[in-house]
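Taken in order, these protein sequences are the chains called A and B. With my numbering as the guide, the letters of the first sequence map in order to residues 1 to 359. With my numbering as the guide, the letters of the second sequence map in order to residues 1 to 169.
It is worth saying that the hints were derived from the structure and are not from the lab. Note that the Cβ used here is the ideal one computed from N, Cα and C, for glycine as well. Be aware that one or more of the hints could be misleading.
What the hints assert, rightly or not - Computed list of lysine-lysine pairs in DSS-like fashion (alpha-carbon distance at most 30 Å, straight line): (1) A:K14 x B:K64; (2) B:K160 x A:K14; (3) A:K22 x B:K123; (4) A:K22 x B:K76; (5) B:K64 x A:K13; (6) A:K293 x A:K132; (7) A:K14 x B:K117; (8) B:K59 x A:K7; (9) A:K133 x B:K11; (10) A:K132 x B:K11; (11) A:K177 x B:K123; (12) A:K132 x A:K233; (13) A:K132 x B:K44; (14) B:K64 x B:K160; (15) A:K14 x B:K59; (16) A:K7 x B:K113; (17) B:K59 x A:K19.
Claimed, not checked - Listing some non-contacts, in silico: residues in chain A with all C-beta distances to chain B over 12 Å: (18) E11; (19) A156; (20) A178; (21) A310.
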Amino acid sequence: MNNEFEKIIEEAKKIRLEKEEKDSIRNFLMSAIEKDLVSEEAFSRHQIKIKPVKAWSKLNLIRYFDISIYRNLLKPMPLILIIALAVSGGVSLASENALPGDILFPVKVEVNERVMTFLSFSDEAKARVEAKKAERRLEEAAKLSAEGRLDAEAQAKIEANFEKFADRVEARVEKMKAEGKAEAALEATSNFEAALEAHQEILNRISEIKANGGASIVAPIKEKVELRLNEIKQDKEDIKGEIEIKTGTDVKAAAEGKMNAAENKISEVKAFIERAKAEAGAEATLKAEARLKVSEEKFVQGKTKLEAGAHGEAFVLFQESVRIAQEAKLLVRAEQFIDLKLEGVRVRLFGSPASSPTP
Amino acid sequence: MSAFKENDFLKIYEDFSDAIFRHCYFRVSNRELAKDLTQEVFMKIWEYSMNGGEIENPKAFLYKIANNLIIDNYRKNKKELSLEELKESGQMINDPVYRDSFQSRIEAKDMLKILDKLDSSDKDIVVMRYIDELTPKEIGEILDLSENAVSVRIHRVIKKVRILLNEYE
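Pulled out of the complex, with its shape left as it was, chain A reads as follows (with noise of 0.2 Å):
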């Protein structure tokens, strides 16, 4: 080639982004993908863009790149069921309600679950996505257990899972903690013994209802959630004790901050229990008001810390109050979510209404 056109080729290579036009691109694609993860409802919003695709198209998507994780996991499904999936909206939608066992649950751990990581990039909104998987496992283990499918496979496979996803959350947690990142260690701590505690009494609960053969399968995992609880609870307690000693303008700005995150909590969660209130029933109702109570209690110190200028103090109590707030937020939601079916009949987690086949 002759020198001439060496030379238009590297003055053609000079074209590049401007800093700010490479730096809005970046924005755009990081907050779709934030919006995603810290939605709760990550998938099914992601799904939902994508479901309006014409069949025609996604059939091209299959054309052009191969994706040969689904071909593999699909394997033994009978070709006309993968077209349903195909043209309905998404293989991963549809397994985002499997369970272990069920033909889908590969894809829902392997694949939804780990792109949830990928899309995580602080340590913070790892150990988020990592507390909500290990949340998942017991979500698995109360429908298995209603739907009398938990067997011992099945539980040891959940068990194992949970105490996977359990150990990386703390494993974030120190390494938040030896980045001097003691706020967001301890939000962390907070929200995983929230998400824990709400799953402890959906365990109970389970045990208490089914007598026969239920309780003594749930136990491990109860077990196993408690242990977990009281080391969460070792390791908020070391944060708070170094969070409150904290001093300086930057403590004082994270404790408003927090104050701010606490009041905006607690008025969506009392929203979020009056709309809830007809569908979760008395008890459910009374008990998440109690626990908003004390959130509140927790609050209303807190700003008295502040005014006191014992800014890490009340850094401390805003993050409990939030904590509480969720608590009782997640009461609720138990009762919404876990639609258990015991015989045929459904029954309520907390109370027991006439529907309810126990004594």
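With chain A's structure known, arrange chain B on it following the hints.
Showing chain B alone in chain A's frame:
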């Protein structure tokens, strides 16, 4: 398992965004459109992995998505804008690249001029081989052609470029 690992996405963006933008720019001759296409390429790679897809070779994969998007774009706007029309619409005058320096202003335009005279499949080959510096094997993967067929096309297109350059001088 060769799927994305954590943090890969951002790294891929940092490593390839300029190259993908350049590729799009020289194929569609429009900076704004090239920017949109670049953004879409990275959104697609994310969506793809969201759906559980595995990516063996991010570089080839990105160019492949870019290629598909550019083709889709051609189909959508059947009428391609020529360099002359772009100049008339003032798009290139306002293009920051053309304001950079007198030197690059002349020569990046030269590239567009050459590309504008080639038919679109030859243009694709020149962009991929010389601007993106892809190997014939990689180009073959993107265009679904054999390595051999790509080499032959590169050879032919170089001849055409030489003739164009002589005319140009």
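Going down the list of hints, with the structure as the test:
Note on A:K14 and B:K64: the hinted pairing holds, with a Cα-Cα distance of about 22 Å set against a maximum of 30 Å. The straight-line distance between the Cα atoms of B:K160 and A:K14 is roughly 24 Å, inside the 30 Å bound, and the hint therefore holds. The suggested pairing of A:K22 with B:K123 holds, with an alpha-carbon distance near 26 Å, which does not exceed 30 Å. Among the hinted pairs, A:K22 with B:K76 is consistent with the structure: their alpha-carbon atoms are about 26 Å apart, no more than 30 Å.
With a C-alpha separation of about 20 Å, the suggested pair B:K64 and A:K13 falls inside the 30 Å cut-off, and the hint holds. Of the supplied pair hints, the one linking A:K293 and A:K132 holds, its CA atoms being roughly 26 Å apart against a limit of 30 Å. With a C-alpha separation of about 21 Å, the suggested pairing of A:K14 with B:K117 holds against the 30 Å cut-off. Simply put, B:K59 and A:K7 have alpha-carbon atoms about 25 Å apart, close enough for the 30 Å limit, and the pair holds.
Of the supplied pair hints, the one linking A:K133 and B:K11 holds, its CA atoms being roughly 25 Å apart against a limit of 30 Å. With a C-alpha separation of about 26 Å, the suggested pairing of A:K132 with B:K11 holds against the 30 Å cut-off. A threshold of 30 Å between alpha carbons decides the hint, and for A:K177 with B:K123 the separation of about 55 Å lies outside it, so the pair is violated. Under the criterion of a C-alpha separation no larger than 30 Å, the hint pairing A:K132 with A:K233 is consistent with the structure, at around 18 Å.
Distance hint between A:K132 and B:K44 is fulfilled; the C-alpha atoms sit about 26 Å from each other, no more than 30 Å. As the CA atoms of B:K64 and B:K160 are separated by approximately 25 Å, the hinted pair is consistent with the 30 Å bound. Under the criterion of a C-alpha separation no larger than 30 Å, the hint pairing A:K14 with B:K59 is consistent with the structure, at around 19 Å. A C-alpha spacing of about 14 Å is found between A:K7 and B:K113, which places the hinted pair at or below 30 Å, so the restraint holds.
This hinted pair checks out: B:K59 and A:K19 have alpha carbons roughly 22 Å apart, not beyond 30 Å. At roughly 3 Å, the least C-beta separation between A:E11 and chain B is not larger than 12 Å, which violates its mark as non-interface. Every CB of chain B lies more than 12 Å from the CB of A:A156, the least distance being 24 Å, so the non-interface label holds. Taking the minimum C-beta to C-beta distance to chain B, about 19 Å, the non-interface status of A:A178 holds against the 12 Å cut.
For A:A310, the non-interface assignment is confirmed: its Cβ lies about 38 Å from the closest Cβ of chain B, beyond the 12 Å cut-off.
Hints 11, 18 from the earlier list are contradicted by this structure; the remaining hints agree with it.
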